[in-house]
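Here's the letter readout for the chains.
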Amino acid sequence: KAGVTQTPRYLIKTRGQQVTLSCSPISGHRSVSWYQQTPGQGLQFLFEYFSETQRNKGNFPGRFSGRQFSNSRSEMNVSTLELGDSALYLCASSLPPTPNSGLAYYNEQFFGPGTRLTVL
Amino acid sequence: GENVEQHPSTLSVQEGDSAVIKCTYSDSASNYFPWYKQELGKGPQLIIDIRSNVGEKKDQRIAVTLNKTAKHFSLHITETQPEDSAVYFCAASRWPGGTSYGKLTFGQGTILTVHP
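Residue numbers (the working numbering), protein chains in the order written: chain C, 37 to 156; chain G, 7 to 122.
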């Protein structure tokens, strides 16, 4: 089974530009979460999508947005890039438990290799 | 919100020794605690997890313990090998979802170096 794929793997942009990153989850996975990883702040949760709906959002400005398509693929967009947006952006996919499945069925998150974004 | 503290930030051991990494969490409602290993140029890889209804879990050379009263959990790696060298992250989450859907709160990471 193929893992989580992210494209592109590397990206260089300049301040003020916008960028779109793509994530394809493991086949059959319907939940996609996005994280930002930096040396200073570590791994921070951006948002989570399931069935094309954003169910949860972290503490990031509105310049960070995302969406999910009917095939569960997800994209995230960062507008008006700042130097501080330079980071590794990771997505993770999982099989979401059903509402009544309880703790025993919490499903693991599987991460992709990430997209390394450099803002100059 | 949840806060996860991880120690130590760096850990250096000789091949064959044991390594222990400790994490504490702040939200008593957290009930799922995974550990991830991240190698250079790769995304985090889940190596073991524990749920709040158990106190310990083992998988070959790796074990995790959970103390809900003290709100801390630990990763134990025995008989370390050079290929165990990587950055290790602990995380915490709460299920069922609500405001926690898809959200893992991570510790700051531990750089483990195993010397041959």
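Some hints here could point you the wrong way.
35 angstroms max Cα-Cα, derived DSBU-like pairs, lysine-lysine [what the hints assert, rightly or not]:
no., chain 1, residue 1, chain 2, residue 2
1, G, Lys28, G, Lys43
2, C, Lys93, G, Lys64
3, G, Lys74, G, Lys63
4, G, Lys48, G, Lys64
5, G, Lys64, G, Lys28
6, G, Lys64, C, Lys49
7, G, Lys74, G, Lys48
8, C, Lys93, G, Lys77
9, C, Lys49, G, Lys77
10, G, Lys28, C, Lys93
11, C, Lys49, G, Lys74
12, G, Lys48, C, Lys93
13, G, Lys77, G, Lys43
14, G, Lys63, G, Lys48
15, G, Lys28, G, Lys63
16, G, Lys43, G, Lys74
17, G, Lys28, G, Lys48
18, G, Lys28, G, Lys74
19, G, Lys43, G, Lys64
20, C, Lys49, G, Lys48
21, G, Lys77, G, Lys28
22, G, Lys48, G, Lys77
23, C, Lys49, C, Lys93
24, G, Lys64, G, Lys74
25, G, Lys77, G, Lys63
26, C, Lys49, G, Lys43
27, G, Lys77, G, Lys64
Pulled from the structure, derived: some chain G residues nowhere near chain C, Cβ distances all over 10 angstroms [as the list claims (entries may be wrong)]:
no., residue
28, Glu21
29, Gly49
30, Asp55
31, Lys63
32, Ser80
33, Gly115
Because the hints were derived from the structure by calculation, they are not lab data.
Values in this document were obtained by computation on a predicted structure and should not be read as measured data.
Here a beta-carbon is modelled for each residue, glycine too, at the ideal position from N, C-alpha and C.
Quick rundown of the hints versus the structure:
1. Lys28(G) to Lys43(G): OK: Lys28(G) and Lys43(G) at ~14 angstroms, within 35 angstroms.
2. Lys93(C) to Lys64(G): Holds: Lys93(C) and Lys64(G) sit about 33 angstroms apart, inside 35 angstroms.
3. Lys74(G) to Lys63(G): Holds: Lys74(G) and Lys63(G) sit about 14 angstroms apart, inside 35 angstroms.
4. Lys48(G) to Lys64(G): Roughly 25 angstroms between the alpha carbons, so the hint for Lys48(G) and Lys64(G) holds.
5. Lys64(G) to Lys28(G): holds (16 angstroms)
6. Lys64(G) to Lys49(C): Status violated; Cα separation ~44 angstroms.
7. Lys74(G) to Lys48(G): Since the Cα atoms of Lys74(G) and Lys48(G) sit roughly 31 angstroms apart, the hinted pair holds (cutoff 35 angstroms).
8. Lys93(C) to Lys77(G): holds (25 angstroms)
9. Lys49(C) to Lys77(G): Outside the cut-off at roughly 42 angstroms; violated.
10. Lys28(G) to Lys93(C): With Cα atoms ~28 angstroms apart, Lys28(G) and Lys93(C) stay inside 35 angstroms; holds.
11. Lys49(C) to Lys74(G): violated (45 angstroms)
12. Lys48(G) to Lys93(C): holds (24 angstroms)
13. Lys77(G) to Lys43(G): holds (22 angstroms)
14. Lys63(G) to Lys48(G): Holds, at about 26 angstroms.
15. Lys28(G) to Lys63(G): The hint holds at about 15 angstroms.
16. Lys43(G) to Lys74(G): Given that 35 angstroms is the threshold and the Cα spacing comes to 23 angstroms, the pair holds.
17. Lys28(G) to Lys48(G): holds (23 angstroms)
18. Lys28(G) to Lys74(G): This hinted pair holds, its Cα atoms lying about 14 angstroms apart.
19. Lys43(G) to Lys64(G): holds (16 angstroms)
20. Lys49(C) to Lys48(G): Measuring from Cα to Cα gives roughly 22 angstroms; hence the hint holds.
21. Lys77(G) to Lys28(G): Holds, because 11 angstroms separates the two Cα atoms, which is no more than 35 angstroms.
22. Lys48(G) to Lys77(G): holds (30 angstroms)
23. Lys49(C) to Lys93(C): Holds. Lys49(C) to Lys93(C) sits at ~25 angstroms (cutoff 35 angstroms).
24. Lys64(G) to Lys74(G): Distance of about 18 angstroms is within 35 angstroms: holds.
25. Lys77(G) to Lys63(G): Holds, at about 17 angstroms.
26. Lys49(C) to Lys43(G): Cα-Cα ~29 angstroms, so holds.
27. Lys77(G) to Lys64(G): Given that 35 angstroms is the threshold and the Cα spacing comes to 19 angstroms, the pair holds.
28. Glu21: Answer for Glu21(G): holds, closest chain C Cβ roughly 28 angstroms.
29. Gly49: About 4 angstroms separates Gly49(G) from the closest Cβ of chain C, which leaves it inside 10 angstroms; violated.
30. Asp55: violated (6 angstroms)
31. Lys63: At roughly 13 angstroms from the nearest Cβ of chain C, Lys63(G) sits farther out than 10 angstroms, so the non-interface label holds.
32. Ser80: holds (19 angstroms)
33. Gly115: Incorrect as stated: the minimum Cβ-Cβ distance to chain C is 6 angstroms, not above 10 angstroms.
Checked against the numbered hints given earlier, this structure breaks hints 6, 9, 11, 29, 30, 33; the rest are met.
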